[in-house]
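Enquirer: The hints should help you fit chain Y onto chain E, whose structure is shown.
From first to last, the protein sequence lines stand for chains E and Y. In terms of our numbering, the numbers along the first sequence are unbroken and rise by one, the last being 291. In terms of our numbering, the numbers along the second sequence are unbroken and rise by one, the last being 160.
Calculated directly from the structure, the hints in this document are not laboratory data. For glycine and all other residues, C-beta sits at the position ideal for the given N, C-alpha and C. Hints are not guaranteed to be accurate.
For lysine to aspartate or glutamate, the following EDC-like pairs were computed, each having C-alpha atoms within a straight-line distance of at most 20 angstroms [what the hints assert, rightly or not]:
#, chain 1, residue 1, chain 2, residue 2
1, E, Lys7, Y, Asp3
2, E, Lys2, Y, Glu22
3, E, Lys7, E, Glu27
Derived, one-sided and incomplete: chain E residues facing chain Y with beta-carbon distance under 7 angstroms [unchecked claim]:
#, residue
4, Tyr8
5, Arg12
6, Pro39
7, Ala61
8, Asn109
9, Gly192
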Amino acid sequence: MKPAPFKYIAARTIEQALALKAEYGDEGRFLAGGQSLVPALNFRLTQPAVLIDINPLTQCAGVQHSDAGTTRIGALTRYRQIERDPTTPQYLPLISEALPHIAHPQIRNRGTIGGNLAHADPASEMPAIVLALAGRLRAQSQRGERWIAASDFFVGALTTALETDEMLTDVELPVAKPRSGSCFMEMARRRGDFALIGVACTVQLDAEQHCLQASISLCNAGETPILAADAGNSLLHRKIGPADIDEAVSLMQNAIDPGGSVHASKSFQRHLAGVLTKRALSAANDRALHG
Amino acid sequence: MADDIHEITVTVNGTEYRRNVESRMLLSDFLRHDLLLAGTHVGCEHGVCGACTIIFDGAAVRSCLTLAVQADGHSVMTIEGLAHGPDDIHPLQQAVRECHGLQCGFCTPGILMTMKAFLDETPSLDEAQIRGALSGNLCRCTGYQHIVDAVRLAGERMRS
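Excised from the complex, chain E in its bound form:
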């Protein structure tokens, strides 16, 4: 189990990385943390002609909070760096809560947020989280740059809206607002395994405790991470109670299309999505109410 031959090039600048990607197109793959790509290489599930190693581009790593209420995370930021950042629980509590579920410590030491999002595994946690937070992603190429809404980014299993010459360079997420709460939950066979189902919920309330905004997204519930928009919107303007949550759960279950596997049948995944969403929505609402 060894990778097929490839040409390896360590990019020293972003410009060089973009030039190489423009030159090699689909034949070239960016190597970030390598925690999904290298297993695929080892299994020879993917056999790129060229690997463009972007690990030397340390300027693409880092977490920055802006006065505008957003956090920008460089694509090469490793999970561990986000985990160790003392501001993460305050500004990005949803990510903070999800991090222990994301693989194992050794994987989080290498794995990057940008590599994870560009890999676009529907069973992975971070795609569902950027969807729930309505984040946006910055793509750069020699032609320029553009921002892509998370809702437009994940177009299929392991498929994103990135063009062949583009590199994902940043993720921008809103920081937690006052009177808001979030919750991430997942069920896996063993700690660090892929989720059978995972759910990310956010709730924001107004001063009268009516729902201003709510989102529910799921991982491993279809070909892409799924934002159950109708379910979230059903909670708007309400003081969220048990009946509202049950209604949202029912709408969510109509929005997902879990694939089923040897580890969990489709019907079990759908049931699990219901149980976890009910718990996570309740927790997010309680956190919004009580801080």
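Expert: What follows is chain Y alone, placed relative to chain E:
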């Protein structure tokens, strides 16, 4: 395709090595076959079992998910670097010996490197935290309880 060869310089257990490696060579194979440091074990080769865990620039990582060429200019510690000598073993090794923390021993190098990084960062004696840190290492002998006991004992000694 002609072999894609790169010259790398890597520090392993304090010794600097300069070697030519093919780009597709995994760091785990480089350590075992080129440097003859066969203490790093290779289990699943896709990042699940943890047997090949080494310390890369201070952090525990899977050497089967890192290319040798990526180690150019970096510092690696393997199980061979843990003890100062046969009579001066690391507190973790001593604790594993005392607590019967290994049976067949295949997973042990990876577990020790994982736990060294864990104890260096968080000298925690909390069982849940220890088990969380251990979650990325599989022991087919299922001897987890003795491993947890050993990590706790080593942590106590390293803290005092």
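Enquirer: Hint by hint, note whether the structure agrees.
Expert: Each hint, compared with the structure:
| no. | hint | verdict |
| --- | --- | --- |
| 1 | E:Lys7 - Y:Asp3 | holds, 8 angstroms |
| 2 | E:Lys2 - Y:Glu22 | holds, 12 angstroms |
| 3 | E:Lys7 - E:Glu27 | holds, 10 angstroms |
| 4 | Tyr8 | holds, 3 angstroms |
| 5 | Arg12 | violated, 12 angstroms |
| 6 | Pro39 | holds, 4 angstroms |
| 7 | Ala61 | violated, 13 angstroms |
| 8 | Asn109 | holds, 4 angstroms |
| 9 | Gly192 | holds, 5 angstroms |
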